[in-house]
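Enquirer: Residue numbers (this note's numbering), protein chains in the order written: chain A, 1 to 396; chain B, 1 to 352; chain C, 1 to 105.
Any given hint might turn out to be false.
Here are the computed lysine to aspartate or glutamate pairs in the EDC-like style, where the Cα-Cα straight-line distance is at most 20 Å [said to hold, decoys possible]:
(1) B:K20 x A:D101
(2) B:K195 x C:E15
(3) A:K54 x B:D192
(4) B:K195 x C:D21
(5) A:K289 x B:E42
(6) B:K72 x A:D101
(7) B:K198 x B:E227
(8) B:K221 x B:D247
(9) B:K72 x B:D92
(10) A:K112 x A:D74
(11) B:K198 x C:E45
(12) A:K54 x A:E30
(13) B:K152 x B:D33
These are calculated hints, taken from the structure and not from any lab test.
Residue strings, one per chain:
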Amino acid sequence: MPELRKTPMLDQLLDGPFPSFVKEIKKGAEKNDACNDLLGQLELSYEEKITHWKHGGIVGVTGYGGGVIGRYSDVPDKFPGLTEFHTMRINQPAGWFYKTDRLRKLLDIWEKRGSGLTNFHGATGDIILLGTHTDQLQAVTDDLAREGWDLGGSGSDLRTPSACVGPGRCEWACIDTLDIVDTLTRRYQNELHRPMWPYKFKIKIAGCANDGVASKARADFSIIGTWKDNIQINRTEVVNYVNAGFDIIGQVVDKCPTKCISYNPVTKSLSIDNSNCVRCHNCINKMPKALRQGKITGATILIGGHAPILQSAFMSWVIVPFMEMKPPYDEVSELLEKIWEWWDENGKMRERVGELIYRLGMRSFLQATGLPAVPQMVLHPRTNPFYFWSKEEVNQ
Amino acid sequence: MVKTDFGPPKYLDMMSDLCKRNYGKWKYHEVLDTGTLVHVAESGEKLYTVRAATPRLMHVDTLRAFCDLADKYCGGFFRFTSRHSIEFLVEDEANIEPLKAELHAMGYTPGGVGNTISNMLHTQGWIHCHTPAIDASGIVKSVMDEVFEYYKEAKLPARLRLALACCLNMCGAVHCSDVAIVGVHRVPPKVDDEKISKMCEIPNVVAACPTRAIRPEPAKKSVVVNEERCMYCGNCYTMCPAMPIFDPKNDGAAIFVGGKVSDARHPAMFSKLAVPYIPNEPPRWPTLVKTVRLLIDVYAKDAKEGERYGEWINRIGWEKFFKVTGLPFTDKHIDDYIFSVPTFRSTATFKW
Amino acid sequence: MPFIEVNGKQLEVDEDGFIQDPEQWNEDVARYLAKTEQVEELTEEHWKIVNYLHDYFKKYQIAPMVRKLCKDNGVDLKRIYELFPTGPAKGACKIAGLPKPTGCV
């Protein structure tokens, strides 16, 4: 083993209260050349203020069209350990729950066949195995498959769906986020492993309006848990909060966006005009022992979220105000498949579904999916008079 | 090929019996301190969570050490959050303190629960990405070291989501964060006429440009960039290795503020531009760190309890925001892309 | 840049094995590349798709989208993976001499 590369700049990131990633790479560098060379190349990047990874790289495993991202150093003579340093995405268990014996198997395989460096997790949600050679990719995939770990998505496919912790731990899960994400992931394995669409498609599932997985910001198709009926109030607990000094007026009543909460300081009781509640979750957030969601639960479905490329970032917008989410979630699947079909047929290369709707219009989208137009879809109706009529709608 | 298309491990296999017994039957939770939560089920059973931020990039030995802790204190069960923090799922209350002590010994500090900074969402940067304008992990380390007190202690009016994207592809989708750092380029790409026809699909390169700054140059079997129209997003380079856009003298970071994904009180909002450009200053990015610190300190001091960053700015107004932070407001701050007009102020009611 | 040799001629390829000069592509090159993508022999069914891709690229300077590829050739994606185990992008497009498709983003 050659000695550790000298990294005076990176070494300045070893100390400090936040855990050091440089320490992590050094752990690997003591065991293999790839990590040692990674230290060296990263130090060079720090000196030159530029990346040293070549553009793209397309590698893969048999039968799949994605799940592996090719990476090659652009200075392999200096850092031969990084000549090939590909990334593998591994589909995480729903809600990122782990049992040590299962995870240890994955770690052992990775240490044997790769750099030993990982990301927990990638931004989409997969486990990232960072850095291995082309000739190890199939072996890693096969070894992991024997232990029940499958690759995640990449390219113009269904990217690995993700979900919040949901009913695994959280009292605010209006829907079984874990079962939904698990079901959809298994149902759409072909779409996940074999890119076939204009561009990527992301599904993220949040159990409540707090949107802990940033579904509205990051997913083309957002499933957000909600309820239809009344917030449940535990009167005793309300009194307990007040007696403990909680500022119920300042933090709950005054912050209600529709001013539908009233508080009687004499009786120390809270009442909610549910017909005017928009279920923003603030009051429940602030008083989890006293307030609970309604009992008739389901999901709001939104579409169109994505990052700035190409036409500015979009947040997804409402297309189905309320969908019952009963296993096996056929209603969601029916909708997804209609959307995919319309998007695949009409989408330009690298056009996200939100951008396609922007280009062709919600009218076209609603026709394709059979969804009704409802006021919940918009903040307000259009302000311009440039709307279309079909031939059937006008007098002949 | 062993088997394919079988999907992830079943999550129920990754859950303790207590979790499975109380699945979907949780009653309420309490924040015990900035690193500890307890969830109480309807049955009365309790599940404690000890959360700690990780650097996202970790060697398998570190994961193994976490597994050892989980085996010792959690029956082997733990999870990760969507923002790179580990959560140990503890059933015996007596295990909490010893677990925390061992985490500290490992160099990990519990935190990020409640009105804190939880962890800084980020991606690959110079460690593995081919399109970054800035590094990721180095900036995250530098910033988190600086603002660590806000991670460890509940000193903020509300939670603050910090995020970083090393280029405009925004693989971490930081466009709805309280404070987001985004890598930006500032000069147009250079076209390699020799290589482009061999390496790139020219119609896709032309179509990749958000401002239509690229047109084909059939005589040279290449493309030409209208430099006046180019706003250096780098999407052409994403499509085509023959159009590199890196410039170490000019690449750097922008800071956007005021976004959120939660709908509580106010619906989710995009982050808005606060600082157009800070140069790369590896290894610890002092100017960037100082600016982020300033942005957080001003908010911590001025905002009212329960106000997220964006809600605070909504209340005081952007005019006041630039005043209290002392940040310059420039022509760069004013939108000139396709959704610009609705962002202009069509009223004479503003603060001085 | 690495090289491959086909019929005594040297062709430059990138690290993923995609040929760098589309002008140099011919059927022998395709046969050579096919072996690198787990296609031992190019049958008539293979050639239909390979020639389609090559011609499409020549005409439009881009690779066709998957949907179009399937529709125009009367095959479904499943069949494509049976013919080209490494898929339409890495497998079929490489064999047909197209440039490397863009990657992860």
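Enquirer: Okay, which hints does this one fail, numbers in order?
Expert: 7, 8, 10, 11 and 12
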